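Enquirer: Using the sequences and the hints given, assemble the complete structure.
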Amino acid sequence: MDTDTAHRAILGLLQTYFDGLYHADTARLGEIFHPDARYVNTVDGHRTNLSVPEYFALVDARTPPSQEGQNRRDKVLAVQIGGPNMAFARVEMAMMGRVYTDFLTLVFDQDRWWILAKVFHFELET
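Per my numbering, the sequence shown runs over residues 511 to 636.
Treat the hints with caution; some may be incorrect.
[Stated by the list, open to error] Quick list of in silico lysine to any residue cross-link-like pairs, SDA-like style, CA-CA up to 20 Å: (1) Lys585 to Val601; (2) Lys585 to Ala627; (3) Lys585 to Asp535; (4) Lys585 to Met606; (5) Lys585 to Gln525; (6) Lys585 to His517; (7) Lys585 to Pro574; (8) Lys585 to Phe630; (9) Lys585 to Leu521; (10) Lys585 to Ala604; (11) Lys585 to Ala516; (12) Lys585 to Phe598; (13) Lys585 to Phe613; (14) Lys585 to Thr611; (15) Lys585 to Arg600; (16) Lys585 to Ala519; (17) Lys585 to Asp612; (18) Lys585 to Val629; (19) Lys585 to Pro575; (20) Lys585 to Gly607; (21) Lys585 to Tyr532; (22) Lys585 to Tyr610; (23) Lys585 to Glu635; (24) Lys585 to Thr636; (25) Lys585 to Val609; (26) Lys585 to Asp529; (27) Lys585 to Trp624; (28) Lys585 to Glu602; (29) Lys585 to Ala534; (30) Lys585 to Arg518; (31) Lys585 to Arg538; (32) Lys585 to Thr615; (33) Lys585 to Arg608; (34) Lys585 to His533.
By construction, these hints were calculated from the structure, which means they are not laboratory data.
The structure presented is a predicted model; accordingly, all values stated were derived computationally and were not measured.
Expert: See the structure below:
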C-alpha cells in the first residue's frame, strides 16, 4: 500500500473513531480496535490499562455525548506512517467536560488498519 492510500485509510479509521466515541457506539468502535488493543489513561488518579472488552464496557455504560446535545469537537493533529504495517495518530477531542489528547498506535493487519493502542491524557474543559 502506498503512503497516500495508507493516509486516506487512516483518516477514514479516525473518522469512525470520532463517530464511535461521540455516539458511544462500541459496534462501530469494534470495527477499528484490534482485538488485542490496549486502552491506557495516563492521568494521575485515573490510571488504567484495559483490554478492548473492558474499555467497551465503560463506553457502553455512559450516556453518549450525542444524546446530551454536546457540541462535537474533534480533530486530527498528526498522522505519521512508520512503515508498511505501522502508523501513529495524534488526535484531540472534547466531550463529557474534558479535552482529550489521544496517541493512537495503528497496525496494518488482515488487510486493514486497526488501533492497537490508545494512550491518552485529559484536562478538564474550562
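Enquirer: Next, verify each hint and record whether it holds.
Expert: Against the structure, the hints:
{"no.": "1", "hint": "Lys585 to Val601", "result": "holds (6 Å)"}
{"no.": "2", "hint": "Lys585 to Ala627", "result": "holds (18 Å)"}
{"no.": "3", "hint": "Lys585 to Asp535", "result": "holds (19 Å)"}
{"no.": "4", "hint": "Lys585 to Met606", "result": "holds (16 Å)"}
{"no.": "5", "hint": "Lys585 to Gln525", "result": "holds (9 Å)"}
{"no.": "6", "hint": "Lys585 to His517", "result": "holds (15 Å)"}
{"no.": "7", "hint": "Lys585 to Pro574", "result": "holds (18 Å)"}
{"no.": "8", "hint": "Lys585 to Phe630", "result": "holds (14 Å)"}
{"no.": "9", "hint": "Lys585 to Leu521", "result": "holds (11 Å)"}
{"no.": "10", "hint": "Lys585 to Ala604", "result": "holds (9 Å)"}
{"no.": "11", "hint": "Lys585 to Ala516", "result": "holds (18 Å)"}
{"no.": "12", "hint": "Lys585 to Phe598", "result": "holds (15 Å)"}
{"no.": "13", "hint": "Lys585 to Phe613", "result": "holds (12 Å)"}
{"no.": "14", "hint": "Lys585 to Thr611", "result": "holds (10 Å)"}
{"no.": "15", "hint": "Lys585 to Arg600", "result": "holds (9 Å)"}
{"no.": "16", "hint": "Lys585 to Ala519", "result": "holds (16 Å)"}
{"no.": "17", "hint": "Lys585 to Asp612", "result": "holds (11 Å)"}
{"no.": "18", "hint": "Lys585 to Val629", "result": "holds (16 Å)"}
{"no.": "19", "hint": "Lys585 to Pro575", "result": "holds (16 Å)"}
{"no.": "20", "hint": "Lys585 to Gly607", "result": "holds (17 Å)"}
{"no.": "21", "hint": "Lys585 to Tyr532", "result": "holds (13 Å)"}
{"no.": "22", "hint": "Lys585 to Tyr610", "result": "holds (11 Å)"}
{"no.": "23", "hint": "Lys585 to Glu635", "result": "holds (16 Å)"}
{"no.": "24", "hint": "Lys585 to Thr636", "result": "holds (18 Å)"}
{"no.": "25", "hint": "Lys585 to Val609", "result": "holds (11 Å)"}
{"no.": "26", "hint": "Lys585 to Asp529", "result": "holds (12 Å)"}
{"no.": "27", "hint": "Lys585 to Trp624", "result": "holds (18 Å)"}
{"no.": "28", "hint": "Lys585 to Glu602", "result": "holds (5 Å)"}
{"no.": "29", "hint": "Lys585 to Ala534", "result": "holds (17 Å)"}
{"no.": "30", "hint": "Lys585 to Arg518", "result": "holds (15 Å)"}
{"no.": "31", "hint": "Lys585 to Arg538", "result": "holds (18 Å)"}
{"no.": "32", "hint": "Lys585 to Thr615", "result": "holds (16 Å)"}
{"no.": "33", "hint": "Lys585 to Arg608", "result": "holds (15 Å)"}
{"no.": "34", "hint": "Lys585 to His533", "result": "holds (16 Å)"}
Hint check: no violations occur; every hint is consistent with the structure.
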